[in-house]
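Trainee: Sequence:
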Amino acid sequence: MKLLSTLLLAALLPATTHAAEAEAPPRCLYVEVAKLPIRYVGEGLAPAVDGSNNGTPATMLVDTGAFATQLTMNGVNKRDLGLQMTGRTASGVGGWSRLYAARVQEVALGPTKTRRSAFLAVIGDANLTPAFDAIIGSPFLLQADLEVDLKAKQIRFFRSRDCGKTDLAIWQEETIVIPFESSGRDSSPNPHFPVKINGTTLDAIIDTGAHHTVITTAAARRLGIDLKGPEVKRAGYVVGIGTDKAAQWSGQFKSIQIGNETIDNPELGIMDTQSELSTDVLIGQDFLRSHRVLFAMSQKKLYIAYLGGTPFSRGVGLEP
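The opening position of the sequence shown corresponds to residue 49 in this note's numbering, with each subsequent residue numbered one higher.
Since no wrong hints were added, every one of them can be taken at face value.
As a list, the in silico SDA-like pairs of lysine to any residue whose alpha-carbon atoms are at most 25 Å apart:
| hint | residue 1 | residue 2 |
| --- | --- | --- |
| 1 | LYS293 | ASP320 |
| 2 | LYS199 | GLU80 |
| 3 | LYS276 | THR248 |
| 4 | LYS348 | ASP210 |
| 5 | LYS213 | HIS240 |
| 6 | LYS244 | THR265 |
| 7 | LYS348 | SER235 |
Pairwise CB distance ranges (calculated):
| hint | residue 1 | residue 2 | range |
| --- | --- | --- | --- |
| 8 | ASP274 | TRP219 | 38 to 44 Å |
| 9 | ASN308 | GLN220 | 16 to 22 Å |
| 10 | GLY90 | GLY307 | 28 to 34 Å |
These are calculated hints, taken from the structure and not from any lab test.
All values derive from a computational prediction rather than experimental measurement.
C-beta: ideal position from N, C-alpha, C; glycine also.
Assemble the whole structure, with the sequences as input and the hints as a guide.
Mentor: Now the structure itself:
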């Protein structure tokens, strides 16, 4: 993780100019410093970017819902990397997994590369074989401002200077702005923000690794949702990190409000996670395929623009 953090910071530090420094009062300087294409991988069409480990190509999941950057056992076995026990664990929808560590000699992501040897965490237990070699988590992704645009199949990183009070109007579409504060709920920098479902305020995060939007069973109970009611259908299980399966339902809700955008009659998942979540709602790819999102970490704001299409529609607009 330390290696990847240093790697991105070195690549994303903006160059300063004498002209910019001479201006008074200072003007906002907002610079795109990296752009990476996204491709969808696996049966779930998860958003991933291309990188490399030890000089061999590596597929890396873009996952703002992940607390750390980790290798998968699949990625380790491809490269015949040696493993060491760490005594630590990681949590996911399938419960808890042992964490190992593997030494890598070189890591590259997009235009950035390092040849310094370092240890990376490895997920030991999962009830599926992932289509990616590594998970790029929120501590790496959100060191800079991050734009996620699944419709354009790309992510972009930005650095800002003197933009604290400036509206970052970098898109033509009408944009929702949602301020956020560091919640202190967990170690992830992923912003927590309020949403309203059926008129009740719940805590949410944007999870680019989630195939569709889900709420927890505890949040469903707060909304008065009966899992055995006629508007709720059993939707099998969710699998991921951990050895267990998380039961899932699909429910028709009256509305969901994100900022000043209200979406009527959304179909959302309800998930009985096998580990504790620090939030009520995971906003997933079924929302992101119709919206562009900027994690403006420099301002502690989320910028969200509607791009067209039907949010929360499963199976719509999925292109590999």
